[in-house]
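A.B. asks: Sequence:
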Amino acid sequence: PLSTAAVYLIVGFWVARFAGRWVERKMARRSVGWNGTALLARLVSISIQVASVLLALIAVGASATGLLTVFGAFTVAIGLSLQDVFKNFFAGIYLLFEQPFRVGDRIAIRDVVGEVQGIDIRTTLVKNLDGELVMIPNALVFTEILQNNAHYGVRRLDLKVTTSSRGATEIDRLVRSELENIDEVRRPIPVARIVSSKPPELTLVISLMLDDTDDAEMKLLELVVIILADETVDVMSS
64 PLSTAAVYLI VGFWVARFAG RWVERKMARR SVGWNGTALL ARLVSISIQV ASVLLALIAV
124 GASATGLLTV FGAFTVAIGL SLQDVFKNFF AGIYLLFEQP FRVGDRIAIR DVVGEVQGID
184 IRTTLVKNLD GELVMIPNAL VFTEILQNNA HYGVRRLDLK VTTSSRGATE IDRLVRSELE
244 NIDEVRRPIP VARIVSSKPP ELTLVISLML DDTDDAEMKL LELVVIILAD ETVDVMSS
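Following our numbering, the numbering of the sequence shown begins with 64 at its first residue and continues without gaps.
Calculated from the structure, these hints are not laboratory results.
C-beta: ideal position from N, C-alpha, C; glycine also.
Do not rely on the hints blindly, as some may be mistaken.
DSS-like mimics (lysine-lysine), calculated; alpha carbons at most 30 Å apart, straight line [as the list claims (entries may be wrong)]:
#1 190 with 282
#2 282 with 223
#3 150 with 89
#4 150 with 190
#5 223 with 190
#6 261 with 223
#7 190 with 89
Cβ-Cβ distance ranges computed for the label pairs, FRET-style [to be verified]:
#8 260 with 147: 51 to 57 Å
#9 156 with 286: 27 to 33 Å
#10 216 with 156: 24 to 30 Å
#11 181 with 219: 23 to 29 Å
Please work from the sequences and hints to get the whole structure.
C.D. replies: This is the structure:
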């Protein structure tokens, strides 16, 4: 019995180690963040280790029914006391497999808009537009309406221009002629539309689609600052 138990333990822990590494390789191919990969690999490894310990105890004479009863009661007690933690944990597992977003995608959940940094044990990490790291519970990400602005590889940028010195035609011509030189801006470039006219002020909005990268957005904004230096420009990104 002791030799059988030893075999169960040795083989079980070896298989657990191998399975953990296998999961890490598989998840790496899915472009999952390191935190999420390590989380899932650890879960698989621990599950196999626990199973091997139970088999070893049964091999040395422990009652299988008794062990399963104790283990079940222990699991229920832990589950009730840590139900919120487990809810976020399993929501994170679902997100890893379903992949509604990837690391680097810009998402919006409730009033949080930012770039995904990774999926942790309990939370999804998002860097918001102010450069702050926001930790959103995985269960909230799982149940709330989620907007993935990077799914199609583009993002929308609305330029709201308020002017009192130029006409709508001049603003439109100036902006469009300069945007033709930016490859990251998707074609066709839309015509500026007037949203408010209260003399002497005129307000126009130019809605652009560009590559979903911060570099593309920064390049565009730098150009706008130069060509519309005398106007008031508000930028809305989504």
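A.B. asks: Evaluate each hint against the coordinates.
C.D. replies: Results of checking the hints against the structure:
1. Of the pairs offered as hints, the one joining residue 190 and residue 282 holds, with about 20 Å between alpha carbons and a cut-off of 30 Å not exceeded.
2. For the proposed pair residue 282 and residue 223, the alpha carbon gap of about 17 Å is at most 30 Å, so the pair holds.
3. A C-alpha spacing of about 24 Å is found between residue 150 and residue 89, which places the hinted pair at or below 30 Å, so the restraint holds.
4. The hinted pair formed by residue 150 and residue 190 meets the criterion: a straight-line CA distance of about 23 Å does not exceed 30 Å.
5. Restraint check for residue 223 and residue 190: satisfied, since their Cα atoms lie roughly 25 Å apart, inside the 30 Å limit.
6. With a CA separation close to 15 Å, the supplied pair residue 261 and residue 223 stays within the 30 Å bound.
7. Taken as a hint, the residue 190 and residue 89 pair is honoured in the structure, with Cα atoms around 26 Å apart against an allowance of 30 Å.
8. The hint said 51 to 57 Å for the Cβ distance between residue 260 and residue 147, and at roughly 53 Å that hint holds.
9. A C-beta distance of roughly 44 Å is found between residue 156 and residue 286, which places it outside the suggested range of 27 to 33 Å.
10. Checked against the hint of 24 to 30 Å, the pair residue 216 and residue 156 passes, with Cβ atoms roughly 27 Å apart.
11. Under the hint 23 to 29 Å, the C-beta atoms of residue 181 and residue 219, about 25 Å apart, fit the expected range.
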